[in-house]
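Peer 1: Using the sequences provided together with the hints, build the complete structure.
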Amino acid sequence: MKELLSGNEAVARGAFEAGVYFASAYPGTPSTEILENMAKYREVHSQWSVNEKTALETAIGASFGGMRAIVTMKHVGLNVAADPLFSVGYIGAKGGLVIVTADDPGMHSSQNEQDNRNYARAAKVPMLEPSDSQEAKDFTKIAFTISEEFDTPVILRLTTRISHSKSVVQLGDREIVPIKGYEKDIKKNLILPAHARLLHKKVEERFGKLKELSNDFKYNFIEYKDKKVGIITSGISYQYAKEAMPDASFLKISLTWPLPEELIREFAKNVQVIYVVEENDPFLETEIKAMGIDVVGKELIPEVGELNPYIVKVSLGVIKPYTPKQVEVKATPRPPALCPGCPHTSVFYAINKNKLIATGDIGCYTLGALPPLNAMDTCVDMGASITNAIGLEYALKKAGDNRKIVAVIGDSTFYHSGITGLIDMIYNGAKGTVIILDNSITAMTGHQDNPGTGKTLMGDEAPKVDIENLVRGLGVKNVRVIDTYNLEEVIKTVKEESERDELSVIIARRPCMLLPDMKKKKFDKYEVDETKCTGCQMCVKIGCPAISFDKNKKKANINYDLCVGCSLCFQVCKFNAIKKV
Amino acid sequence: MENKRIIIAGVGGQGILLASDLLSDAAMRAGFDVKKSEVHGMSQRGGDVVSHIVFGEKVYSPLISYNEADVILAFEQIESLRNIDFLKDDGVMIINTTKILPLPVAAGLMDYPEDPIGEVKKFIKKTYVVDAEKIAKELGNIKVMNVVLLGFLSKNIKEIEKKYWDESLKERLPEKVFEINFKAFNRGYNLEEK
Numbered sequence: 164m165k166e167l168l169s170g171n172e173a174v175a176r177g178a179f180e181a182g183v184y185f186a187s188a189y190p191g192t193p194s195t196e197i198l199e200n201m202a203k204y205r206e207v208h209s210q211w212s213v214n215e216k217t218a219l220e221t222a223i224g225a226s227f228g229g230m231r232a233i234v235t236m237k238h239v240g241l242n243v244a245a246d247p248l249f250s251v252g253y254i255g256a257k258g259g260l261v262i263v264t265a266d267d268p269g270m271h272s273s274q275n276e277q278d279n280r281n282y283a284r285a286a287k288v289p290m291l292e293p294s295d296s297q298e299a300k301d302f303t304k305i306a307f308t309i310s311e312e313f314d315t316p317v318i319l320r321l322t323t324r325i326s327h328s329k330s331v332v333q334l335g336d337r338e339i340v341p342i343k344g345y346e347k348d349i350k351k352n353l354i355l356p357a358h359a360r361l362l363h364k365k366v367e368e369r370f371g372k373l374k375e376l377s378n379d380f381k382y383n384f385i386e387y388k389d390k391k392v393g394i395i396t397s398g399i400s401y402q403y404a405k406e407a408m409p410d411a412s413f414l415k416i417s418l419t420w421p422l423p424e425e426l427i428r429e430f431a432k433n434v435q436v437i438y439v440v441e442e443n444d445p446f447l448e449t450e451i452k453a454m455g456i457d458v459v460g461k462e463l464i465p466e467v468g469e470l471n472p473y474i475v476k477v478s479l480g481v482i483k484p485y486t487p488k489q490v491e492v493k494a495t496p497r498p499p500a501l502c503p504g505c506p507h508t509s510v511f512y513a514i515n516k517n518k519l520i521a522t523g524d525i526g527c528y529t530l531g532a533l534p535p536l537n538a539m540d541t542c543v544d545m546g547a548s549i550t551n552a553i554g555l556e557y558a559l560k561k562a563g564d565n566r567k568i569v570a571v572i573g574d575s576t577f578y579h580s581g582i583t584g585l586i587d588m589i590y591n592g593a594k595g596t597v598i599i600l601d602n603s604i605t606a607m608t609g610h611q612d613n614p615g616t617g618k619t620l621m622g623d624e625a626p627k628v629d630i631e632n633l634v635r636g637l638g639v640k641n642v643r644v645i646d647t648y649n650l651e652e653v654i655k656t657v658k659e660e661s662e663r664d665e666l667s668v669i670i671a672r673r674p675c676m677l678l679p680d681m682k683k684k685k686f687d688k689y690e691v692d693e694t695k696c697t698g699c700q701m702c703v704k705i706g707c708p709a710i711s712f713d714k715n716k717k718k719a720n721i722n723y724d725l726c727v728g729c730s731l732c733f734q735v736c737k738f739n740a741i742k743k744v
Numbered sequence: 009m010e011n012k013r014i015i016i017a018g019v020g021g022q023g024i025l026l027a028s029d030l031l032s033d034a035a036m037r038a039g040f041d042v043k044k045s046e047v048h049g050m051s052q053r054g055g056d057v058v059s060h061i062v063f064g065e066k067v068y069s070p071l072i073s074y075n076e077a078d079v080i081l082a083f084e085q086i087e088s089l090r091n092i093d094f095l096k097d098d099g100v101m102i103i104n105t106t107k108i109l110p111l112p113v114a115a116g117l118m119d120y121p122e123d124p125i126g127e128v129k130k131f132i133k134k135t136y137v138v139d140a141e142k143i144a145k146e147l148g149n150i151k152v153m154n155v156v157l158l159g160f161l162s163k164n165i166k167e168i169e170k171k172y173w174d175e176s177l178k179e180r181l182p183e184k185v186f187e188i189n190f191k192a193f194n195r196g197y198n199l200e201e202k
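Residue numbers (this note's numbering), protein chains in the order written: chain A, 164 to 744; chain B, 9 to 202.
Bear in mind the hints are in silico, worked out from the structure with no lab data behind them. Be careful, since some hints might not be right.
[To be verified] Derived SDA-like pairs (lysine to any residue); straight-line CA-CA distance at most 25 angstroms:
id, chain 1, residue 1, chain 2, residue 2
1, B, 171, A, 166
2, A, 685, B, 150
3, A, 695, B, 116
4, B, 107, B, 126
5, B, 129, B, 139
6, B, 151, A, 744
7, B, 107, A, 692
8, A, 493, B, 107
9, A, 165, B, 9
10, A, 704, A, 494
11, A, 365, A, 220
12, A, 374, A, 387
13, A, 704, B, 118
14, A, 682, A, 721
15, B, 151, A, 609
16, A, 461, A, 476
17, B, 129, B, 198
18, A, 488, B, 184
19, B, 151, A, 728
20, A, 717, B, 112
21, B, 184, A, 681
22, A, 688, B, 145
23, B, 145, A, 690
24, A, 684, B, 23
25, A, 704, A, 738
26, A, 518, A, 562
27, A, 685, A, 616
28, A, 165, B, 168
29, A, 560, A, 493
Peer 2: Dropping the structure here:
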């Protein structure tokens, strides 16, 4: 049977067909849908872990028990999981272990465009790179075979275009793979230095065998056509290059690490000029040049940003750059924004009003940095809001700067890596304020459950982590829970706690407006009474997409269809010009 | 045949992904190789959304380059302008009359562009304008606006016979919303091209 699947759906299908029993992940664009689709197969235990490190460690546990396990994450998630990655590179995989990294060239939803092919080289583990959904499914299955045959974890690298593109996939049946069972084996599974020294030798031997595999691997293949031009490429770049130069000769690499050296040498002998077409880092290029083979790569193909057929064609000189149509009316930019009724809005309004420094974090609420709220100073990585605040507080104090800092972090990010930071704060006597924006869901990635929601990925009931008790239990004395739709309370609480000369935590709680339960609720919408509106634009400053300002009439307007009745505009209006419909 | 390239563009929440899923599905049912690509994530929060669909005997890239699209379907007026460079000079531009104010416009920092449809018409001869929002409201559910537009689009894709579209709607949509969507599709299909 054929179906149109996204790369992410295809990986889930591949894992199912490969007889996987265990799947774990922390959500992260563009990888999230893999586990969401995995959870549809009831034969597999699928779970959201609290972060990528715990997700990988959990999967390693399942592999210790002799079952096939898969773990998925976005590219920066592998940084969080890098510690267990390097260990399991030595330990190997009793039950097949596949680690999926979904990289984000072009940074559609990410803070950097790191190229995770470098992790395969650094951790000395094999890596497969599919170029469409069929390969995404097939390679997932092959990855499990390689993993068990060579006793190694295998990294499957996707990119945004592979994850989120749909193409035709031939479906297969689930293979029944027996669970091998757990046996104590400390020389392999307990990496004391004495054990690890022996394991490192094995890793190098394994690497030699994997190189041989790469030369014979049927998905590393040569297509000879015109031998004047040869193109070496992998992943989605293969599709772009095929479209750019359909008549050139191709070496398509699917097992990107270790590289098929003999195959590359053979190709180099038979073509006159070699172009390496790859996104981001010159990974293939550097390795091939190190073999003493002359290739053209990043002199032509940009290192920054996502590739597409147009860029590849222009870079290779197939076409001239396109001259845009001379339109006189330009398309207005449409930046993303916090939604109407977003429970975070009032907190950012309060931060801005109180002129506080806000160290930020990763989630929908990072949008609080944009105008008109302008209420975030920094964003580094998951959990950094809290820890950045510790160091910055010290630096400000030393410089005699009296400004106050608040750290702003979402509930899911707090579970992911905020708790350890908060303990750091307590232990090291920091005096800042942590605002936990608790919207009771992992929102940015599309509403995934987390330890605070009371539900698991498989839809079962789960105990809820009580953030208030957790924070008090750690030793924070000043803890306040506020409803973010009460603007006066939010402004007052943020002011009082940020001025307090002691560590404090504000739990700003209200569920995301897009949650099905919230959407069902009845509410009163608001409208502008134009006879009273003075055009002061206070309501516009909350950044609600439902509110617009008519420059000609000098009046505010509320879009009836978009308004969800949060009443923040009603609360900021000093002229009673906003009323219930 | 040459591969057929179609772009559907609009704003998060307008039902673009469902429309492009249905189109890709219909193309697959008609026996073509199909690829479609879009990016989700940040863009869900009121940003613009674009879906590229390519079908034919053999498709390599899921992405469409400048001056390559045969048809662009814009769910919102500004989005037709934003994507105009992807359309072939003799391509078809279908514009839904809906206007959704970008935040900088709503906040009074920028103006909504003056007459995007008129501007597009200066460059693209085959520009068709549809008020799908009105039709969807007449049918009793504004959400089916996307399928009204898809119905209109389908007439401009001669390579996929009507029966494949019907099959696709039947197979891909939940039963309880099939009826209204089927009506919406046919309303769009039977609209006059203007």
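Peer 1: Could you work out which earlier hints the structure fails to respect and list their numbers in ascending sequence?
Peer 2: Hints 18, 29 not satisfied by this model.
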